Amino acid sequence: MPAGPTYEPIATQTLGSDAASVTFSSIPSTYTDLVLVSDYRLNTGDNFLILRFNSDTGSNYSFTNLYGEGTAAASDRSSNQTSARIGFYGSAQSNSIVSIMNYSNATTYKTAVSRDNTNTYVVSRVNLWRSTSAINSIVITTASPNITSGSTFTLYGIKAA
Amino acid sequence: MSPVLGIIASQNYVRIPPTAFESIATVSLTSSAASVDFTSIPSTYQHLQLRIFAHTDRASDNNGYGSFRVNSDSGSNYSWHQLYGDGSSAGGGAGTNQTLIPLNAFGGNSNSAFGVSIIDFLDYADANKYKTTRCLNGLDYNGGGEVNVISGNWRSTSAITSINIVRGFAVNNWVAGSVFALYGIKG
Chain H
1 MPAGPTYEPI ATQTLGSDAA SVTFSSIPST YTDLVLVSDY RLNTGDNFLI
51 LRFNSDTGSN YSFTNLYGEG TAAASDRSSN QTSARIGFYG SAQSNSIVSI
101 MNYSNATTYK TAVSRDNTNT YVVSRVNLWR STSAINSIVI TTASPNITSG
151 STFTLYGIKA A
Chain E
1001 MSPVLGIIAS QNYVRIPPTA FESIATVSLT SSAASVDFTS IPSTYQHLQL
1051 RIFAHTDRAS DNNGYGSFRV NSDSGSNYSW HQLYGDGSSA GGGAGTNQTL
1101 IPLNAFGGNS NSAFGVSIID FLDYADANKY KTTRCLNGLD YNGGGEVNVI
1151 SGNWRSTSAI TSINIVRGFA VNNWVAGSVF ALYGIKG
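From first to last, the protein sequence lines stand for chains H and E.
The letter at position 141 of the first sequence is residue 141 when you use our numbering, and the numbering goes up by one with no holes.
To convert a position in the second sequence, counted from 1, into our numbering, add 1000.
No wet-lab data here; the hints were simulated from the structure.
Quick caveat, the model's predicted, so the values are computed rather than measured.
Idealized CB from N, CA, C, for every residue including glycine.
Treat the hints with care, as some may be off.
Unchecked claim - So, partial list: chain H residues that the calculated Cβ filter (under 10 Å) puts toward chain E:
{"no.": "1", "residue": "I50"}
{"no.": "2", "residue": "G58"}
{"no.": "3", "residue": "T64"}
{"no.": "4", "residue": "R77"}
{"no.": "5", "residue": "T82"}
{"no.": "6", "residue": "S99"}
{"no.": "7", "residue": "V113"}
{"no.": "8", "residue": "N119"}
{"no.": "9", "residue": "T120"}
{"no.": "10", "residue": "Y121"}
{"no.": "11", "residue": "R125"}
{"no.": "12", "residue": "N127"}
Produce the complete structure using the sequences and hints provided.
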């Protein structure tokens, strides 16, 4: 039977000024899943956020997108990337909710699903990180612009019974 | 620990306080299994959320598929709609008078990737309405992938008291390492 709350905030970062990246480090391994909730804007617009686990910059990421921009739905994907993807092209306030599943197990690759909303796109996505390491840090950054002041990033942990 | 205004249950839509989300039961497979059952689900929550991280033993294929039914109802009382993307094109699908609701893509024997499905059962204990579910599913195996958004309907006013997760076409088992976790969300 339930033993109390199992969906807990781990940390929140609110940018007081524009920044190139946001980092969550020393993530405890005591949860089953992680959920990263981001509400952000980029200062040059029309770009997206990228995400790396455990500072891994190798070509160990891949993702598949399903998206709509007001006409027909579409899908694309990329293999052997140096980062995972969150968000999508947008020039206004955007949000993203990423579930990183079974993040602390040391035997399987890691899969994350997300929903992203921008002023021009709605996106569902799956990211794969081909590593069996437990995730203990997450870096959120961009290809070139900065993340604007006021953007918020909250990491939650979900603990299964 | 920073203060927060609330969390967003599953992927979107409803902001709830963190204390409203409780673990009901979890099945972590240490050996292969053909199905996973959650029984005696209490009716004391407003909604349920089922979070699945799983891989199948479907032979010679990258994708394995799964489905679920509730309350052991194997009648043709389910329907569903689906929006999908496979990395090159997007499309839709639907099924009426079905005996199951799909959970869609999980890894098969040709890769090592685990697929994810997050399913919400809204007002699952309400005895006055049919039940509607929503699912976000994704599998990527670095070479291919699938994203699915699926709505499901069970034409019954009975409270949901059990969930049966079954293997899909050409799948023999869910493999060890698969995790099925059921949560309750208070109103």
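Original post:
Honestly, which of those hints from before does the structure not fit?
Top reply: 1, 2, 5, 8, 9, 10
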